[in-house]
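Q: Kindly generate the complete structure, drawing on both the sequences and the hints.
There are 2 protein chains.
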Amino acid sequence: MKKVAFQGEHGAFSEIASKFFFSEEVSNVPSYSFEEVFSRVKNNKVDFGIVPIENTLYGSVFETYDLLLKYSLTIVGELNLQINHYLIAQKKYKLTEIERIYSHPQALGQCSEFLSRFKRTHITPAYDTAGAAILALENKTEPSAAIASIEAAEFYDLEVLESNIQNNKENYTRFLVICQKKNDAEVLNPKTSICFELKSIPGALFKALSVFALRDIDLVKIESRPIPQKPFQYTFYVDLLGSLKDEKIILAINNLAEISNNIKKFGTYNIGETYSS
Amino acid sequence: MKKVAFQGEHGAFSEIASKFFFSEEVSNVPSYSFEEVFSRVKNNKVDFGIVPIENTLYGSVFETYDLLLKYSLTIVGELNLQINHYLIAQKKYKLTEIERIYSHPQALGQCSEFLSRFKRTHITPAYDTAGAAILALENKTEPSAAIASIEAAEFYDLEVLESNIQNNKENYTRFLVICQKKNDAEVLNPKTSICFELKSIPGALFKALSVFALRDIDLVKIESRPIPQKPFQYTFYVDLLGSLKDEKIILAINNLAEISNNIKKFGTYNIGETYSS
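First to last, the sequence lines map onto chains W and U.
Residue numbering for the first sequence follows the numbering used here, starting at 1 and increasing by one per position.
Residue numbering for the second sequence follows the numbering used here, starting at 1 and increasing by one per position.
The set of hints was computed from the structure by calculation and includes no laboratory data.
Be aware that one or more of the hints could be misleading.
For identical chains, the list gives no copy identity; a pair is met inside one copy or between any two copies.
As a list, the in silico DSSO-like pairs of lysine-lysine whose alpha-carbon atoms are at most 30 Å apart [claimed, not checked]:
1. Lys248 with Lys221
2. Lys245 with Lys199
3. Lys3 with Lys264
4. Lys45 with Lys230
A: Shown next as structure tokens:
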């Protein structure tokens, strides 16, 4: 059975994403951090990793972008998961009794309007939504709850106090599936991810994008991250429609190499399907 | 005396930035959140707000970008502050005794290599580096420390256990100064910040950047944020060299309006100086 590393405890959204992505049964391996997911893939401890890259309310997951560059793994797939958050607690507690709420900082951000109703409740960041469920279960001194998935409620035998508490129902997280090897699967609906450094931005970003625009290559996402050794310089990450085997993409990347540094190709994979958690 | 709202407790880097920015003496007002800073400026409770927008190691501060759009205030200045982090604790503790370290999540990220030496120490996020100093001071049950500024050590009478513990010495945070009114100061070295929505990215971002490139307007920063009601659509924030009074910038923004929605002009201000904390 293939092994898939994900960040968090059983019941995390990444594990749910893994269940949707892989048609065959896989063994999902909980990992402490995003970096542990990348490192397990790099060191062949697992076959794949699955990591969030972007949420439609909260924005990009920058650690994932930085780790893609650091570990030079291949992206072999993506999927979008509609995120539904639940406030869950032990059966003995009512909503009005809750003194502490645990969750991942991004989930806390996604439920900020709901949380603003709790004036005297302590809000405590946890490293993962499912880990938050464990903290709520294990806190013996205060009536505690967690913001997590319905699957986490089922897994840890917790009760739902309130459903769909996110600010916005149009809440999707896009996940990437990463692998040590090249993608050898057939790609019918290709998307390609690359990144590159620009020496300075004035004019340079326009020129960089022109290598794609002039060849009618569609750019569907752009993100920038600071380069640690070079203050106020950036690595740009772009997602393109098309394959690294397409001649116009090969030519565009050759052209890009004339005006930018450190181009990395993360691979070509199928545009993701959307599922509901 | 003018009042300036900043996020955090006295001794926070934002307060240090305020001291460098304002040549006259001002009253710096601690605020619980970035949103409270914006709301105090909007409701005329203070004259100015000062907020971090970008760190050269960790990246953009997205909450600030989102609040700029939400509150429609004017940017009247910026500055860069070199960030030096210190591990500080009560005088009675040695480095090897520390069981818990508090700091703001971004400061924890900036000191991740130093922190990786502490295998059995609890790392606890705090809402602010100076607030972390207070938590370290008030924790009576565990020997605790905080990652904060040297000013926070002085303010709360804590001892420095280790200096300059950030991963990278080239660690700068750029701060914006925001105001309810338009900037009426003379701007000798102008930078202008705007944002706009693109209906879809294929080709559209290239066209949007072309309105500046074709007029030789330099773009020094670009950032994108998701639009909550429109999954996988983005607001782009750009900083341009020049003034909103320059004819070529006026023409470029008129041109931009033909191909994008919801253009906001945050104002023209002097390019920031760099200071060391």
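Q: Against this structure, judge whether each hint is valid.
A: Verification of the hints:
1. Lys248 with Lys221: For Lys248 and Lys221, the Cα distance is within 30 Å both inside one copy (19 Å) and across copies (28 Å).
2. Lys245 with Lys199: both (27 Å within a copy, 29 Å between copies)
3. Lys3 with Lys264: Close inside one copy (26 Å), not across copies (48 Å); limit 30 Å.
4. Lys45 with Lys230: This pair counts as neither: shortest intra-copy Cα distance 34 Å, inter-copy 38 Å.
In terms of the numbered hints stated before, the structure departs from hint 4 and from no other.
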